[in-house]
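**Student:** From first to last, the protein sequence lines stand for chains D and B.
Using the working numbering, the letters of the first sequence map in sequence onto residues 1 to 482.
Using the working numbering, the letters of the second sequence map in sequence onto residues 1 to 220.
Hints are computed from structural coordinates only; laboratory data are not their basis.
Remember, it's a predicted structure, so these values are computed and weren't measured experimentally.
All clues stand as given, with none of them false.
If you only want the chain D side, here are some residues facing chain B, beta carbon under 8 Å, derived:
1) Gly127
2) Leu138
3) Ile161
4) Gly164
5) Pro183
6) Gly187
7) Thr189
8) Ser205
9) Glu207
10) Leu211
Virtual Cβ for every residue (Gly too), placed ideally from N, Cα, C.
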Amino acid sequence: MIFLPVNPVHIILALPFLSALGLAVVGPHRLATRLNALASGLTLVAASTLLSGFPETTALFLVDDFNAYLALLTAFVGFTTSLFSAGYIEHEVETGRLKPPFLRFYHSMYQAFMFTMLLALFANNLGVLWVAVEGATLTTVLMVSLYRTPAALEAAWKYFILCGVGIALALFGTILIYLAAQPVMGGGTTAMTWSDMMGRMNRVSPELLNLAFVFILIGYGTKVGLVPLHAWLPDAHAEGPTPISAVLSGLLLNVALYAVLRFKMLMTANGQTMAPGPLMILLGLLSLLVAAFTLYRRRDIKRLFAYSSIEHMGIITFAFGMGGPVANFAGLLHMSMHSLTKSAIFVAVGLATQVKGTQQISEIRGLTTSHPAIGWGLVVGVLAIAGAPPFGIFLSEFLLVTSTFASNPLLALPLIAGIVIAFGALILRLQSLAFGAPSGSVEPVATSTFPLVLHMIIVLVAGVWLPEPLVAWFQSIARLLG
Amino acid sequence: MPSIHYDIAHLLGALVLLLSFALLYQRRLFALIKMFAIQSAALGAAAAWQGYIQDAPHLYVTAVLALGMKAVVIPVALHRIIVKLNIARTIDTALGVGPTMIAGVSLVTLSILLVLPVTSDVTALTREDLALALSVVLLGLLTMITRRNAIGQVVGFMSLENGLILAAVGVQGMPLIVEMLVAFAVMVAFIIFGIFFFHIRERFDTLDLHDLDSFRGESR
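Using the sequences provided together with the hints, build the complete structure.
**Tutor:** Listed below in structure tokens is the structure:
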């Protein structure tokens, strides 16, 4: 299957790692933005070699359908966001909001962030998974604080404290999992190696696993942004640079949820534990409803879409909590559609806030008149994220609602309510943002909207027609997830 | 296992827990930092003892790191920052000493009630060590909650970490402990020393997080 002499995972991980080191010393910002995009592009190329077949599982790295899919998604969104980031950074340098030393740091951290996320996805060892998620926290905290404004520092501090405690609890959960597995598997690294544990989970003490899963869910759930652990998320999205908001929403939340799901698979393999589903359903519904209602009160455009991310992570967590082939399929589809749409929206939002010079919703009006490309891009993006047909998110939400109705109609009611309430809020805000008399600057923007257009085309096509191999791929992951 | 092994491990674990209680009621920053340094030293001793009884040399590395980083380097650096930036030496606490202590005792009870029933098939040493460690984690959280000061919260966070390391060293053959300790240390070092103190200080003239609350971004 594999024709390369080396494990492709090593290449996928080495590219961002070495780029992070290299970009730390590249001074000229034009060169740095291009190198950043180039490195992300090469990572995407390396990740797409996984399509031709998976390497053997080693003690450190594991590749199966599930993480190969997420790695491709991560590398793709990472690449398109790096293209957007190039134009964004150019503008920030011109207006003097960012100074060159900070830019070196920014680009280095961007690649370090990609590295930690890909490492978390490919990690076979639960300890390495934890270290990678911790590293992702560290790099993003530093990027959120990039502007050094009081609000950015407060956001970064909140992010550090909340997610620091979150990952600390996740580590405690990981220690408990090891303690549970150790009598069966023997000590040492095997008892932390996911692929080895899966086969022998049935003999592990279920009580200890229950306790461990609660810590894991709360711990990594903080990073997913599940209510009531979500307080860091809107601040971090609103105060950091917009490309970082795009990768936070589009990628990091997925990776944190991926970590939870790996542990859920261990629970399912054991068979005698409590069902992990109801806990996830509860947190998912809570996130969906709280975020849907609070969407109405948002006055900051980046916060608006940050709350929308909480809402969608709630839907996805709910889907995986329900389980079964259809709900899992819907969850996987929703994960990718949300990543693509949300990062596209943040591209539009980033351009809009730069040209208007504000993040206040009330001060951004009539975008379709003043900047048709951004305005209509935002309209299409918001319609897609709100779940209007014919976009991909409509398809995944439809699948989820119908499968929930079939298995448990009572749970479908709050789900539908949440989706409809959020839909209303987003459309309400969209009207003033996109239509009416334009406000503020009407100067054209030079930055390309290519990533926005590309993502929206994919989301539109996915809503109308899913290719057969992709369906088969998702179905096989849905089976893995149980 | 000779009973002296068990007794000393138990003693050191309990010492770490006791120092967590001592952290709870400190009202002065220097005393808080000193207490934290002593706790880290006790943790180092606990890790070294576990290294000896489990015959696991990598735990000695953990012990040296805990001792060097958390008992010496970080406290000294924090001390310097406080002196250099002339930060107020007393801390506002959200709760009085009495209620805090009662909350702390309840948390310890909770963790014992939680851990002991589910760990019936592991050794007595491990399960009691785990109960102690979970108590230290929860008390670390409580310390963070009851402090309104950035340094107080960081010390609470690091004491929470001490609980995690205590849990990790108590479990037979746990891999990657050193890596995890380093990951935490890097995180704390980067964020605390590199970025926040200087910038928060620069912007606000205080490390009291209460003053940060107005910057919600949407208060305008």
